[in-house]
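Asks: Kindly generate the complete structure, drawing on both the sequences and the hints.
Just so you know, the sequences run in chain order A and B. Per the working numbering, residue 25 is the first one in the first sequence, and the count goes up by one each step. Per the working numbering, residue 478 is the first one in the second sequence, and the count goes up by one each step.
Hints are computed from structural coordinates only; laboratory data are not their basis. Don't be surprised by glycine CBs; every beta carbon is placed ideally from N, CA and C. There is no bait here: all hints are sound.
Cβ pair distances, simulated, as ranges: (1) 489(B) with 81(A): 40 to 48 Å; (2) 65(A) with 499(B): 12 to 20 Å; (3) 101(A) with 492(B): 45 to 53 Å; (4) 518(B) with 42(A): 28 to 36 Å; (5) 84(A) with 507(B): 30 to 38 Å; (6) 573(B) with 102(A): 27 to 35 Å; (7) 534(B) with 75(A): 23 to 31 Å; (8) 34(A) with 482(B): 28 to 36 Å; (9) 79(A) with 540(B): 38 to 46 Å; (10) 493(B) with 88(A): 43 to 51 Å; (11) 80(A) with 499(B): 28 to 36 Å; (12) 104(A) with 479(B): 24 to 32 Å; (13) 488(B) with 92(A): 41 to 49 Å; (14) 557(B) with 33(A): 30 to 38 Å.
Listed here are the chains, written in short residue letters.
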Amino acid sequence: SQQGEEDPQALSIQEGENATMNCSYKTSINNLQWYRQNSGRGLVHLILIRSNEREKHSGRLRVTLDTSKKSSSLLITASRAADTASYFCATMADRGSTLGRLYFGRGTQLTVWP
Amino acid sequence: KAGVTQTPRYLIKTRGQQVTLSCSPISGHRSVSWYQQTPGQGLQFLFEYFSETQRNKGNFPGRFSGRQFSNSRSEMNVSTLELGDSALYLCASSPYTGGTGELFFGEGSRLTVL
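Replies: Laid out in structure tokens, this is it:
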């Protein structure tokens, strides 16, 4: 499978703490993206990092990418109760018939307690 | 700008029936893709359309079909429904012709097959 795999499957923290989620994938990629999904709703794009980038920031989000290890991490700093959601990494292949198609992992369920 | 709109949001069908789901992309977006989300399989790619042409198709049986109209609106159809087709069907649009950027998702159509 070309899908990414998130780790951990579930994460429970207190408000103000940092949350770190990891993603591993199997094939060479054009880019890797992180999405958030509130229960039963649509996915919201958080951040995209291209294969030639190593780190990217957006507000309280920090994403790293290590293409040699085929892994990425998402760090949410100073978590808030409103960050409670499922977080998915998604990879976009860089060649062939899979170009343009996103492969999603199973997600990390983050719960932030007030 | 209005977001991606999916209709209907909820529907209940019985086995053997067929269903048509509709998606209106963000204005100016010409790429529309569809994903199926289930607890067991996670997010699975169904197909992607660009300028009325199907560019990519996932590993789903022929009962799943789609099309895109000249105004970029898209529909997907599932014929001869099975219990396993119960899922959240998500539509996403993108302004990027190469499919290398972020996707903008709708809220989804939740299909229940009885």
